[in-house]
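Enquirer: Below are the chains, spelled out letter by letter.
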Amino acid sequence: MQEIPINTYTSPNVILELIYRLKVKDVMTTDLVTATKDTPLRAIQHIMREKQVTGLPIVMGKRLIGIVSMDDIIQALDKGYINETAQSHMTRNLIVLEDDMPVSFAISYFDRFSYHRFPVLNKHKELVGMITSRDITSTLLVEINREIEDLEKRTSTTSLSDEMNGEIHTYSIMKNDFENAGYASTEIKKRLKKAGIQPHIIRRAAIASYELEMNLVVHSDGGELIAEYTPQEIQITARDSGPGITDINNAMTPGWSTASEWIRSLGFGAGMGLPNVKSVSDEFTIESDMNGTTVVCTIALKEMEEV
Amino acid sequence: MQVKDLTTLKEYTVQTMENGEEMVEDAYAGDLLSDVMGNAPSDSILITIQAHKNTVAVASLAGIKAIVICNNRSTPDDMLQAAKEEKIAVFTTKDSQFAASCKVAVLLGKVDASKA
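Order-wise, the sequence lines are chains V and U.
All the letters of the first sequence, read from the start, carry residue numbers 1 to 307 under the working numbering.
All the letters of the second sequence, read from the start, carry residue numbers 1 to 116 under the working numbering.
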């Protein structure tokens, strides 16, 4: 019989990702009860009953030298050597797992071998935990719950983004105001997060708004950042009152920058701003003359169905 | 690994760490903030010499959980205050970005120290 009824090859992707992402150390019990080779089996029996465990690792320092299982105890009671020590009756041929192995390994071990628990060693061969099929199933249940919660959130995105419909927020940005730089972008990010938009889309909007905001701080005489929300998309507009971009083609070339040494020493002015905005946007326009520059970019809040 | 695992590195000083339990899976080294913004993976550690408040803003927007400031640069109070509010950990070290990257890579399990 399969201990853990999960197929490690053909399960749904979410489950496969889980059992490969989770490591044995994320699942195992680290609160260990151990005994030494000199502990009498009778004492081990008492520990098992008290701690409600069905197998006890026998250690010498941090090194694992054997296991006494419930079966061993039953045998000892049956054959009358329960008062002897663990040394001559423990199971010495042990199958162990390593703490860095994916949980999928542990699952297949439980299927392959008839043991109910495996000791877990770290890369220094020290005993660091024990793993039972129960440890795996309960952790998996918690993780699967979380995945399903995410899925539910994603499918309900429509209703959440509807609530933002028509919202417009305008943030005024002052020249060289590094103190408050990033405020507008952070607000936009928070708004999208609250509406339950998917993280990688929020990230694109955050990149676009931050670059535009920094452009206003670094290059303009001051201006505003406007965020407009519809159920389908967010439109971010950066508008300033000058001095204008002399050559837009240059400004759109990665690496090209007019930033001063001081600005560069702060880590800005890498010449990646506008190219970054364009690359994360679904639509992007830029207009500039000596009266100012207007950049409009749009990011769809829901991914188009891939065909 | 967790953010707090960075404290196991010798002479990495915690400046603020409100999120020690958070998991990090990757790291990014860079001093150009728009490069960091565009390329740093989320749930990562940023290794940089940019010790100012705007680094925290970039980290927050990019989903970076911890910042390691290299070359013994000092961290201004307003930076640490912002980091505290955004729940991003800040560490300082005398290591260069290269040395810090190597050590963080080992912590993340990206390279095996015994074979390096």
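One thing to keep in mind: the hints can contain errors.
[What the hints assert, rightly or not] Simulated restraints, written as ranges between beta carbons of each label pair:
| # | chain 1 | residue 1 | chain 2 | residue 2 | range |
| --- | --- | --- | --- | --- | --- |
| 1 | U | 94 | V | 300 | 41 to 47 angstroms |
| 2 | U | 94 | V | 21 | 48 to 54 angstroms |
| 3 | V | 302 | U | 41 | 32 to 38 angstroms |
| 4 | U | 108 | V | 252 | 43 to 49 angstroms |
[Unchecked claim] Cβ-to-Cβ under 7 angstroms is the rule here; a few derived chain V residues that face chain U:
| # | residue |
| --- | --- |
| 5 | 89 |
| 6 | 93 |
| 7 | 102 |
| 8 | 210 |
| 9 | 267 |
| 10 | 268 |
| 11 | 270 |
| 12 | 273 |
Worth flagging that the hints you see were computed from the coordinates, not collected in a lab.
By construction, the Cβ of each residue, glycine as well, lies at the ideal position given by its N, Cα and C atoms.
Enquirer: All the hints need checking, so say for each whether the structure fits it.
Expert: Going down the list of hints, with the structure as the test:
no. : hint                              : verdict
1   : U:94 / V:300: 41 to 47 angstroms  : holds (46 angstroms)
2   : U:94 / V:21: 48 to 54 angstroms   : violated (35 angstroms)
3   : V:302 / U:41: 32 to 38 angstroms  : violated (23 angstroms)
4   : U:108 / V:252: 43 to 49 angstroms : violated (36 angstroms)
5   : 89                                : violated (37 angstroms)
6   : 93                                : violated (28 angstroms)
7   : 102                               : violated (13 angstroms)
8   : 210                               : holds (5 angstroms)
9   : 267                               : holds (4 angstroms)
10  : 268                               : holds (6 angstroms)
11  : 270                               : holds (4 angstroms)
12  : 273                               : holds (5 angstroms)
Comparing the model with each earlier hint shows violations of hints 2, 3, 4, 5, 6, 7; every other hint is respected.
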